[in-house]
Amino acid sequence: MSMWEYANPKRFMGWTRPVLPWTFALAGVCLVVGLVWGFFFTPDDFRQGSTVKIIYLHVPAALMAINAWIMMLVASLIWVVRRHHVSALAARAAAPVGVTMTLIALFTGAIWGQPMWGTYWAWDPRLTSFLILFLFYLGYIALWEAIEDPDTAADLTSVLCMVGSIFAILSRYAVLFWSQGLHQGASLSLDKEENVADVFWFPLLVCIAGFVFLFIALVLMRTRTEIRARRMRALEARVQRA
Amino acid sequence: MPDLGQYAVEVLSAYAVSVALLLAIVGLSWRRYVRVRAALERVEKNG
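Protein chains in written order, with this note's numbering: chain V, 1 to 242; chain U, 243 to 289.
It is worth saying that the hints were derived from the structure and are not from the lab. These numbers were taken from a predicted model, which means no experiment stands behind them. Quick reminder that beta carbons are idealized off the backbone N, C-alpha and C, glycines included. Be aware that one or more of the hints could be misleading.
[Claimed, not checked] Just some of the chain V residues that point at chain U, by a computed CB distance under 7 Å:
1. F40
2. K53
3. F107
4. R222
5. R228
[Said to hold, decoys possible] Distance windows between CB atoms, simulated:
6. M3/V - M243/U: 45 to 51 Å
7. P115/V - Y275/U: 20 to 26 Å
8. G269/U - A122/V: 29 to 35 Å
9. G247/U - Y120/V: 15 to 21 Å
Can you build the whole structure from these sequences, using the hints too?
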């Protein structure tokens, strides 16, 4: 069976139904374990003091804010190339989750920045590109709401998503190619030498897993909702025509 | 409760707002999920 058949709305509803509760359960367990571990059972950092505990929210939220947009980009490209309705609806479903993650990353970053940098906000390349990404999220959601025809909305939001991807990528890599600004480099990388100390790293990994599972669970649930809403509109239109 | 020292307000407010936002997106998504499912069932029954 081709992988594209899983994107058939009926098949999608079938396989996501049993997967959804498990994904929510995994998200809940990882988030509770990670956040309790990080908040209650990790020491203060010698420079940051207790504000280091904000890392367990800020890093996973920022990671997911960027990756949610990348997921939307992939889904949008699938829509543009293959016209799979589920992929367009999945992109639409992911946007409010992504904007929530972006908001958490911006808020926790600002609240951490005040005691550490002496300011809530700086027009630093990464922070600025993150703020623009947040505005793109709002624009993307507004565009979906503003256009009545779902296929036209999917086309136009796909274009917006492609343009906004520049800022999603900038949010991730701005610190690498602009040697200015306040934001430090990555807290996590595949090169272990750049990672934070193990005592912070392990609970952080559990929190990241929690955010990833929560994102997947919410996108699956919201995509199921969008598929049902679309079917409902189609049935209502059929009744009106009859 | 760990001793958060002079940064207690910052740390606690970061956690409070983040958890509230996460609960809000889960709650709103769930509410719409239940409503749309019920509405579709009604339409399918009547149609």
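So, going through the hints one by one against the coordinates:
At its closest, the beta carbon of F40/V sits 6 Å from a beta carbon of chain U; the interface hint therefore holds under the 7 Å criterion. At its closest, the beta carbon of K53/V sits 5 Å from a beta carbon of chain U; the interface hint therefore holds under the 7 Å criterion. Interface restraint check: F107/V against chain U, minimum CB-CB distance 6 Å, threshold 7 Å, status holds. Below 7 Å, beta-carbon pairs count as interface contacts, and R222/V has one with chain U at about 5 Å; its hint therefore holds.
Against a cut-off of 7 Å between C-beta atoms, the interface hint on R228/V holds, since the closest Cβ of chain U lies about 5 Å away. Taking the beta carbon of each, M3/V and M243/U are about 49 Å apart, inside 45 to 51 Å as hinted. Taking 20 to 26 Å as the suggested C-beta distance range, the pair P115/V and Y275/U does not conform, at roughly 40 Å. Look at G269/U against A122/V: about 33 Å separates their beta carbons, and that is inside 29 to 35 Å.
Checked against the given bound of 15 to 21 Å, the beta carbons of G247/U and Y120/V, roughly 20 Å apart, stay inside it.
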